[in-house]
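Chains as they are written, first to last, in this note's numbering: chain D, 200 to 312; chain Y, 164 to 390; chain F, 6 to 89.
The hints are simulated quantities; they were obtained by calculation from the structure and are not laboratory data. Since the model is a prediction, treat every value here as computed from it, not as a measurement. Ideal placement from N, C-alpha and C gives every residue a C-beta, glycine not left out. Please note that a few of the clues may not be correct.
Unchecked claim - Some chain F residues close to chain Y (C-beta under 7 Å, calculated; not the full set):
id : residue
1  : Val-26
2  : Ala-36
3  : Leu-42
4  : Ala-45
5  : Ala-59
6  : Ala-66
7  : Ala-70
8  : Val-73
9  : Glu-83
As the list claims (entries may be wrong) - Residues of chain Y placed beyond 12 Å of chain D at every Cβ, according to the derived structure:
id : residue
10 : Ile-184
11 : Phe-189
12 : Pro-192
13 : Ala-237
14 : Leu-269
15 : Phe-270
16 : Phe-276
17 : Leu-286
18 : Ile-305
19 : Gly-308
20 : Tyr-343
21 : Pro-354
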Amino acid sequence: MIYYLGAFGLIFIGLYIVLVKHNLIKVIIGLSILDTGINLFLISIGFVKKGTAPIFSRPGLKAIRMVDPVPQALVLTAIVIGVAVLALALSLAIRLYQHYGTLNLRKIKEQKW
Amino acid sequence: MRRIISILLLGIVALGIILSISKIPFGIPKSKVGKFYIDNGVKETGATNIVTSVVVNYRGFDTLGEVTILFIAALGLGAVLSTRKNKVERKIEPASLILRTGCRFLFPLILLFGTYIFIHGHLTPGGGFQGGAIIASAFLLIYLGCRERRISERGTKLIESLGGLIFVVVGLAGLVISGYFLRNFLPKGIPNLLFSGGIIPIIYIAIGFKVGSELAGIIDNLMEESG
Amino acid sequence: MIFVITFLVLIMLASAISACVFRDLLSAVIASGIVSLIAAILFYLLQAPDVAMAEAAIGAALTTAIFVIAIRRTKRYEEDEKNN
């Protein structure tokens with residue numbers, strides 16, 4: 200139950216940073232925190248009390264109680280996609296800085312319109 | 164004003180999330196698909212790591228999509244950041260002797276560790292993505308420690324393309340030989356040995372090389388102009 | 006055991022809040038690296054060693070390094086907000 204509250208807290212803080220802050224790199228940091236919160240929530244759904252990891256390490260081991268392997272496969276994919284999107288967003292931020300000279304989102308909006 | 168509206172919006176969203184989270188029980192087995200994979204995973208695929216057999220064998224097509232997304236992101240980063248043609252030649256002073264020797268000593272050890280992790284991906288926790296990230300960390304160490312060395316760009320692109328090509332060719336071979344795309348057509352072998360699990364070690368080795376060289380290429384593109 | 010988990014979750018939330026409050030962008034990036042590290046420990050305590058390894062290698066090491074390289078090419082300090 201603590202895991203649910205921790206994941207929900209991270210999602211809340213990540214959304215707050217994305218909505219309120221106006222420096223572009225801080226918004227991207229908020230995206231990364233939001234991503235971590237969602238991954239934590241997905242894995243804590245698949246947990247079984249007194250369960251073990253889904254690996255048959257010795258031959259002849261019986262499956263007594265094991266945690267769910269499907270959310271773990273999903274989250275493995277999601278972590279790698281998260282870092283790819285982050286790298287692309289940072290490259291766009293670098294080009295914006297070279298073009299406008301500032302990273303403040305209010306000033307960039309005022310300059311354009 | 165903007166701050167108050169956004170806090171109100173976040174309050175409504177938080178209330179909705181809390182009301183739906185409190186109805187999910189914690190710690191009770193919930194799904195039947197997971198139970199099927201645990202019970203029949205070793206017999207059907209031959210790999211003893213159930214998460215690996217789900218990622219590569221049962222849901223192999225999703226892994227192909229993810230590798231494509233990583234490729235497109237690296238491509239986009241290279242395209243966005245490479246349009247400045249004037250390279251400013253700043254004088255790079257080399258680091259101290261202890262740092263350079265230490266980095267050169269650690270580099271092959273980290274590469275060996277990363278290779279070990281993705282070769283044993285179907286027997287122990289590990290796999291292609293983890294091993295590829297560790298290989299990229301070894302290249303990052305060379306960039307930070309010995310600052311005048313650069314990785315050859317052609318070698319990185321060649322290894323990355325070869326890795327992706329091997330993945331697709333193995334899938335198409337499964338289509339040609341028997342039935343459908345990405346079918347496990349090699350013999351399964353005895354579980355808990357290194358050569359077991361059909362095509363799973365081949366795909367994971369290809370993914371390990373591809374992800375490692377891709378992330379090293381991303382770091383190379385980002386560090387291009389700032390010395 | 007449950008005290009350890011509560012302690013770790015509290016440190017994670019505290020460092021996420023401090024990533025929001027800090028004005029030096031380098032300190033905010035290090036705080037987000039701490040969030041990733043504690044998430045990797047929690048993944049291991051939830052019996053998922055594959056995901057813990059992936060999060061520690063990719064989230065804690067490579068994300069922080071990419072952020073630091075990007076900050077070096079742009080500004081380091083956030084601007085003060087004079088008008089909201």
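Checked hints:
no., hint, in the structure
1, Val-26, "violated, 14 Å"
2, Ala-36, "violated, 20 Å"
3, Leu-42, "violated, 15 Å"
4, Ala-45, "violated, 12 Å"
5, Ala-59, "holds, 5 Å"
6, Ala-66, "holds, 6 Å"
7, Ala-70, "holds, 6 Å"
8, Val-73, "violated, 10 Å"
9, Glu-83, "violated, 16 Å"
10, Ile-184, "violated, 5 Å"
11, Phe-189, "violated, 5 Å"
12, Pro-192, "violated, 5 Å"
13, Ala-237, "violated, 8 Å"
14, Leu-269, "holds, 23 Å"
15, Phe-270, "holds, 22 Å"
16, Phe-276, "holds, 19 Å"
17, Leu-286, "violated, 8 Å"
18, Ile-305, "holds, 19 Å"
19, Gly-308, "holds, 22 Å"
20, Tyr-343, "holds, 20 Å"
21, Pro-354, "violated, 7 Å"
The structure is inconsistent with the numbered hints 1, 2, 3, 4, 8, 9, 10, 11, 12, 13, 17 and 21, although it conforms to all the rest.
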